[in-house]
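Asks: Sequences and hints are given; from them, build the entire structure.
Listed in order, the protein sequences are those of chains A and B.
Going by my numbering, the first sequence opens with residue 1, and the numbers climb by one from there.
Going by my numbering, the second sequence opens with residue 1, and the numbers climb by one from there.
Under the rule of at most 27 Å between Cα atoms (straight-line distance), these lysine-lysine pairs were calculated in the DSSO-like manner:
| no. | chain 1 | residue 1 | chain 2 | residue 2 |
| --- | --- | --- | --- | --- |
| 1 | B | K439 | B | K229 |
| 2 | B | K432 | A | K71 |
| 3 | B | K121 | A | K71 |
| 4 | B | K129 | A | K64 |
| 5 | B | K326 | B | K263 |
| 6 | B | K439 | A | K71 |
| 7 | A | K242 | B | K202 |
| 8 | B | K121 | A | K64 |
| 9 | A | K70 | B | K52 |
| 10 | A | K77 | B | K121 |
| 11 | A | K59 | A | K71 |
| 12 | A | K70 | B | K439 |
If the Cβ cut is set under 10 Å, some of the chain B residues that face chain A in the computed set are:
| no. | residue |
| --- | --- |
| 13 | V115 |
| 14 | S189 |
| 15 | G196 |
| 16 | T204 |
| 17 | D207 |
| 18 | G228 |
| 19 | K439 |
| 20 | E493 |
| 21 | F591 |
According to the in silico footprint, chain A covers these stretches of chain B (three or more CB under 8 Å from chain A):
| no. | region |
| --- | --- |
| 22 | 108 to 114 |
| 23 | 117 to 128 |
| 24 | 427 to 435 |
| 25 | 567 to 580 |
Derived from the structure by calculation, the hints contain no laboratory data.
None of these values were measured; they are calculated from a predicted model.
Every residue gets a Cβ at the ideal spot worked out from N, C-alpha and C, and that includes glycine.
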Amino acid sequence: MTHINKRWSQLTLCCFAALAVPFSALAQTSGMTSESTEETTVEKPAPVAGQQADAYYSKDEMEKSREELKKMLGNRKTGSILFNQFEAQSVNGSEDLYWNGQAWYGGDINKIWFKSEGLVSLNSGKADDAELQALWSRAISPYFNLQTGIRHDFKPKGLDHAVFGVQGLAPYWFEVDVSGYLSTKGDVTARAEIEYDYRLTQRLILQPRIEANFSAQDIAERDLGSGLTDVNAGLRMRYEIKRQFAPYLGVEWQGKFGGTRDIAKLAGNSGDQTVFLVGIRSWY
Amino acid sequence: MYNRRRFLKTTIGAGALASASGLVPAWARPASDGNLGIPSLTGNQFDLSIDKFPIRIDGRATEAIGVNGSVPAPLIRFREGDDIVLNVTNALEEDTSIHWHGLLVPFEMDGVPGVAFPGIKPGETFQYKFAVPQNGTYWYHSHSGLQEQLGHFGPIIVDPAGSDPVVYDREYVLMLSDFTFENPYRLFSKLKANSGSFNFQKRTAADFMRDAGEKGLAETIRDRANWGKMRMSPTDWSDITGAQYTYLINGHSSADNWNAVFKEGERIRLRIINAAAMTIFNFRIPGLPMTVVAADGLNVQPVETDEFQIGVAETYDVIVTPEQIKAYALVAEAIDRSGMAVATLGPEPGMKAQAPALREPVPLTMKDMGMGDMSAMGGMQMDNGSKADMSNMAGMDAPTMPGMDHSMMEGMNGNDMVEGRDAIPLIAPDLKTGPSIAKLAMAPTSRLDEPGQGLNDVAHRTLTYSQLRSLEPNPDQRSPAREIELHLTSNMERYMWSFDGLTWSEVDGPIIFNEGERLRLTLVNDTMMPHPIHLHGMFFDVVNGGGSHKPRKHTITVKPGEKLSVDISAEHVGDWAFHCHLLYHMEAGMFRVVSVMPNKSKTEANMMTMPMALEHPQMKQPSMDMNDHGSMKMQDQEQ
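Replies: Structure representation (structure tokens):
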């Protein structure tokens, strides 16, 4: 920074010149002919709005600091991870681990967004369901994001889908996530999730939540009939020890519908069940 | 917490000065009498070293960024008009800077990286040189990243070149702040992920029951539906609350009890500076009336009050004269009433005043939502007590009459007649809601005659902007030639903050002012939070009905749903930062650069008349005709 100090002393001495220079530059740009006889200092360009400090400091350094400021003030990237559900589900002696989480990183408008959902049997240790979505999310309105990308099912069978969805906050504080999926086999399915936080106290929160799945066609290899395939309707009561860490207890009704229910019954499974659950909701 | 050696040194220095001079200015008295707990530096040359160091706050060991080993940074004190040199050394491992808040310095000395200078690199010493044409209470702070949150701020007192119209026997600086033990960038990231996560005053089932009992079930459901439909919360007062912050006065929490002493019959000047990152405070001294004598450094006509709201970066000087020999509590309560900092003013050192209890939080109203004063119309009865409004209407109390806002009152106020809104060309944005603008204020109103959020119903006197009158006539009394309207916009859910829906990252370039012009800036707050808006290098002449004595401020808090105007004289050529002084709002992009572009013809005129020895900072010198002071003086004489 020594050059700055030096420049300062020059400045005090040559204040007249510093004032005159912008004028002469202006005169030139406006087409006037100016004989700058008494202006003995080097010609400087006309002052540019937002870059006037270049007359006092190194233009390169100023440019760098301006870019940095532009990047910081409004374009800072942040990220977050949310395990909305991470829970043990228990029904009739069988125990499963279920998770439903998401993570994102990016700016205010555009983000990379990951979602994952799955179920692992704690009795057998095997995964029944496991999927991961990698999405580009774009803010399209005050409260909603358009999300599009791919989904890969690891279980029950390896299968890829194109994803097109909308996620956001509906009036009256309902969190909504609706997605359509087109599999590489040409099958169209959809999923809708709606949840609500009802605050009993500042830390004790009751969360009703519904997830419904749809299929546009019968998909034999996935045990799906067309129409509404299944609904999970749950109530979870969490206690936010910290905002980011909240254990919960809950109960959920899980039911299959239509052709999907018929397929399940044929396989000897019940069409619906009520599970008890205990888990931890956390975010970073 | 402080560098004890430096503290003692300055104390001794001050003592020596006092005995030598005979005439003892209050600030030069020993630390046991005044400026207790803040090391002070006086003179013309200052060496400041910015570093990170361990300290204890509220009994907890932590790290802070401060100056010369002190948080808050040392008091810098010098005389109006003196040439000042400040050598600022960066001992951090990151870039830093110091901005002299409210001081009219040449813009290249203003200390904003990326606008006024490139910043100070680690290990480097940057020399600031200036002289200021003003006196009063100011402050300084980092303008780099979120360093301010970690303690990088300190007070400035500029002593008047002549006599001080404010007479006092003793003085104290009170620097209000908010401290977090967490990394501020982590807080920012949390706000982006979940903007309500620091709010522990949200409405619950219990609140519903209580309201249903008091106002009826149907009314309560309608109220909840109104807020729910908008996806907004009537408890969104502060982004970061007492759940996260420890509130401090001069670096001391309530438990650490910073204390000041007085003697019977003394007039004490308190210089109150809100140096918080995110917290607007309500300040009061229960049982002790305060006479406000200065706002944002500049003298105002004395106003006696019992409580005032102080936005981030604002300063108020008050005179108090304790009548009783007892310990008084100096109370800085966070606007959302989630916490407070309490210090003591007592007859003996070490006393601890009885702290009042935190008051009940007050929910936001539809007026805060920019929907006008609907409560007064009896239509949507929100929480502000429609009974009071009805009685006002019966008594024809004009200020609370719907539709009769303060700007209309001004129209009748003689001097302001020429300042009618429709007389001058207006540049206003055409805004639509979108990701960055969750809502627009449908009917923004003037709220200058209100004391600030949550203080409408307190049982004692409160200060309003409309009460403030400059002590001196305004230096520039021209009518503005044009008006620029700017909206304060946000999407709380996404934690986006902007002007006119655009962040500094997105906007094309600076706002252009032309040197020598007088213009009006109108601010419309479309958000639900008050924003302390700060313009570097120029004062706002607040259009509050004050005529030729408008209060002049460097920072003005715009209330939610409010529309207000300030007049500005674009005197000082350069690029100046303009932003919301809530640190995380600025960081989110609520920032602009105002470029005051040189006036060609004026420069030409000055080239012929200007002596070589022109110094930009010496704005009071006659040679500063370029700054239009000459023409202003002529105007003054005409009045």
